[in-house]
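Based on these hints, arrange chains B and C on the given structure of chain A.
Chains as they are written, first to last, in my numbering: chain A, 174 to 532; chain B, 3 to 264; chain C, 39 to 361.
Hints listed in this document are in silico derivations from the structure and should not be mistaken for laboratory results.
Cβ coordinates follow ideal geometry from the N, Cα and C atoms, glycine included.
Among the hints, a few may not be true.
Label-pair distances were calculated between CB atoms; the ranges are [unchecked claim]:
hint, chain 1, residue 1, chain 2, residue 2, range
1, A, 220, C, 115, 46 to 52 Å
2, C, 91, A, 406, 24 to 30 Å
3, A, 248, C, 87, 55 to 61 Å
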Amino acid sequence: MAQVIAAKTRPTSAPWKRRNSRNILLVTLASVLPAAVAAAVTVLLGLDGAIGLLVLFVPLQLIASVGIGGYLFKKRGRQDAALIVFTVFFTVLVAVLLSSVLVAVFEAGLRMMRWSFISQNATYISPTTSLDYGGLGHAVLGSILVVGFTTLVTVPLGIGVAIYLTESRASGRNFIRSLIQSMSGLPSVVSGLFIYSAMIVTHWSGQSGITGSLALMPLMLPTVARVCEEALRLVPTDLRSAALGLGAPNYRMFLQVVLPAAKSGIVTAVLLGVARIIGETAPLLLTVNPSAGTNLNIFAGQIETLPTYLFGNLSLSTDYSVQRAWGAALIVLFLVLIIFTLTRAIGGNKQLKTPKKRK
Amino acid sequence: MTQLITPQAHLRSEDINVWFGERHVLSDVNLTFPENQVTALIGPSGCGKSTFIRTLNRMHELIPGAGLSGAVLLDGQDIYGDGVNPVDVRIKIGMVFQKPNPFPTMSIKENILSGLKLSGRKVTNADELVETSLRRASIWNEVKDRLNEPAISLSGGQQQRLCIARSLAMEPQVLLMDEPCSALDPGSTRRIEETIEEISESMTIVIVTHNMQQAQRVSQQTAFFLAEDGNPGTVVEFGATEDVFNRPIDPRTNDYVNGHFG
Amino acid sequence: MPVETKPAPQRRRLTVKPTLLGDRIFFGITTGTAYFSIVLVVLVLIFLMIRAWPAFQHEGIGFITGSKWDDSVQPMIMQIFPMLYGSILLAILGVILAVPMAIALAYLIEFLAPKPIARVVTLLVDLLAALPSVVIGLWGLFVFSPVAEGWAKLLNHYLGWLPLFANTSGNFSRSPFIAGWIVAVMIVPIITSVTREIFSQMDRDLINAAKALGGSMASTFTKVILPTASGGIVGGTLLGLGRALGETVAIFFVLNLSFDINWADLTEARGGSIASMILGKLGNASDYERSGLMAAGVVLFITTLLINFLAGYIVNRAQPWRK
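For reference, chain A alone in the conformation it holds in the complex (with noise of 0.2 Å):
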């Protein structure tokens, strides 16, 4: 009796058993022939790239993915592999924009690596000096200055911002973490605009590498201290009890307990801090003053950061001076791709140290 009813509500039969050779071929066709023809027209017809991959190979792929899954599945393959084809189409798209920018920046930027470029400073050299000579050895000094006091200031702040957020009962928690989250969208011009309004301006402080930090810090302040609460709320409230219930005051308990489980994640959060403004440029174009020469006093004086070097070699526009803005951009991005990949180590580890997850 129950066969016959399902017998008739699904005339056809299961799709698995439909997995036969012939289906394989089909779908293997619908997969491979769009690029094909696509390519081969428009190859023969000489069109634009753009045209032959919008124009022709999106809707030839949806054309046979729609009508091969509708022949398997009826409507239910159809749908699917609209859906399947878009999802595609746009990860290709992100994935195409994203090794285009690093295949760009590796080629250009490897042709002008050599030892001078990167021991070198910028005394002497011109837009035209041959790219033999100069190079931003006092940009990287300057950048790991300013952005190492930037993380100075700022990591205490962030840890004590995230300590509240998760270990006080304080109520103002939830307007602060909104505030946070606002902070973290704070466009960097105006962070560069502040330091340059409240210390420039006012003559406290000339342009020197302590106004770049501190313009740097409300951009890195929303990172550190959201990673470092997300980091401290993964630590069980088990733990936080054992300790409580051990006759623990709150400050030995965080510093005893928490802070060794959450130790891993806070490292996180400064790396990914130091990430967010290792490339920042708007604040320090407005409140730092670039140097050709080499200063390791970040209170006073002219100083060059790795991204104001990009900047302004970059605004010369001679063919040189464009070829050291990429050295700098490959610079910057080898930077960020350590930092990236030592917070994916750091974070690998975590995972295996943190006990089972919660219900």
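Just chains B and C now, kept in the frame of chain A:
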């Protein structure tokens, strides 16, 4: 309702009422816990027994919105009294939780000493303390060769006994246990029951349990909690364990201990 | 002994605030840092306002509604409407381009792709998020612009009858169309990560229930996943919008700023962006012009702050577990 009155009442709750926000969850709990005896708190889920046990060492107030009336007396002194520091209360009245919760970043040895360090006390003769505590929790033989290994390398039952040992290292006068075996297998449960029996010679124990055989095995007196139809939970029956299980006065107790509901 | 019952039990005061000195110091410091973040935001506003005041006072509401920036007269005229409008146009353009990409990526990662592929795509999105604006700008200027200019010409060639793609000047470079793509690249990661978060928190039973009822992937996506996640997606989009408005350096390289307002001719080489304008003009501005740029900063700051606050509110509401 039977009342058990002993002259050496060690820990006593007087008219404990508990609220979460405006919700009244426990009403007028009066219990007496005599020295060096085990008291079992039984009752169906949601009857407030876990909430009650948390009021006994001021863990209750850590929950946002928690409210309380009445008093808890330890040796005649109100632990909620003016100027009493909750931290001091928790040192004297230790607690073992439902799920084993050793500190994952510390070794077995460090876990044992963690209570002292966390409450800011000096650790003298650490090794001796570690050994006695682990011995009293009857886990010494299993871990004595791996004291410096991380605590989470232990099995669930061992972790729970480690947590008991961690509490014992603080030398509390009372030990509260909130369903300590609910996450463990029968074998580990049995070992923990043995441990309870052993340590009850020198300390007052209050244990919340869902397992009625366990209550009968380990406790000398039992309190039956019940929350009926949206009313706040309250103690329906309290007396010697044998009486509560074999000769209950209240018909509801009879129904519960004989498995008719809950 | 009879049980004493009091008619109305008096609640006792429980210790909510830390009593120990160590705890007081601990919470005092952390509360201090939290309040500092409020102070910081207020300080930003105050300092910008003080500097911006002369411009606001002189221009009045015309500062926002007018379309003229002229330093040949005394005192100079400063009105930012084309920049404000341009910023919003770019942001909307960016969002329109980025949202489908973000939803596709999030869906692929959370529901469609097998684990290893999902992991690679996640890596890709995170990496994109980590790329500094100035690097994107450099790439945009030399690599992407020429390509996108080609796209713009094609659009104009085939769809030029649409006002959106009309182009009378014949100059296709540094247009809102190109800048909009750059903005999209910059905001795809943030929208993706918010959408992913919402997707991953979705009740798997709900999705399985839809599948068990015979729903296809597509109908599950349109009828269950999208409606349930819509709050989060809107919030994420708003966050993206906020980021887009503040985008500075990348746009600076790929957009030709013009006070001759460009309503919707996307492929024309005229556009606006408050942030880029500030960057471009501050270097050699007079004292009074600087005040106008600060005022533009105030407008930008308040706009993004409001959008972000709204976005945060929506995202938090879409994630009940946060509470």
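Taking the hints in turn, this is what the structure says about them:
The supplied range of 46 to 52 Å is met by residue 220 (chain A) and residue 115 (chain C), whose beta-carbon atoms lie about 49 Å from each other. For the hinted restraint 24 to 30 Å between residue 91 (chain C) and residue 406 (chain A), the CB-CB distance of approximately 42 Å leaves it violated. Residue 248 (chain A) and residue 87 (chain C) have their C-beta atoms about 60 Å apart, which keeps the hinted 55 to 61 Å range intact.
Checked against the numbered hints above, the structure violates only hint 2.
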